[in-house]
Amino acid sequence: GADRVAANGDSANKIGTYSLSVLARHHGVPFFVAAPTTTLDAGTASGAEITIEDRPAEELCCIDAGGARHRIAAEGIDCWNPAF
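Going by the numbering used here, the residue at position 78 of the sequence shown is 78; the numbering climbs one at a time, nothing skipped.
Calculated directly from the structure, the hints in this document are not laboratory data. Quantities reported herein were computed from a predicted structural model and do not represent experimental measurements. Incorrect hints may have been included.
Beta-carbon label-pair distances, calculated as ranges [to be verified]:
| # | residue 1 | residue 2 | range |
| --- | --- | --- | --- |
| 1 | Ala68 | Ala35 | 37 to 43 Å |
| 2 | Gly66 | Ala42 | 18 to 24 Å |
| 3 | Gly47 | Glu75 | 31 to 37 Å |
| 4 | Gly43 | Gly76 | 25 to 31 Å |
Cβ coordinates follow ideal geometry from the N, Cα and C atoms, glycine included.
Build the full structure now, drawing on both the sequences and the hints.
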């Protein structure tokens with residue numbers, strides 16, 4: 001899958017695709033991306049132009065319950081929360 005596909009065929013995806021593509025290349029296995037047409041972005045020439053939004057870590061480390069925000073990840077744990 002892909003979150004965004006640029007006009008030249010470069011693709012961007014948040015989860016899992018990079019490691020699978022590296023393994024496929026290492027073992028000489030063709031790697032294809034299957035994505036819905038809604039991810040095609042003809043206005044973006046290449047993957048270098050795909051904007052990656054850096055969302056707050058709290059969206060993943062915390063939950064809102066009972067009218068308060070509660071941290072569910074251990075203190076000191078941080079995360080990267082990219083969005084396209």
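Cross-check of the supplied hints:
no. : hint                      : result
1   : Ala68 x Ala35: 37 to 43 Å : holds, 39 Å
2   : Gly66 x Ala42: 18 to 24 Å : violated, 46 Å
3   : Gly47 x Glu75: 31 to 37 Å : holds, 36 Å
4   : Gly43 x Gly76: 25 to 31 Å : violated, 41 Å
In summary, the structure is inconsistent with hints 2, 4 from the numbered list given earlier, while agreeing with the others.
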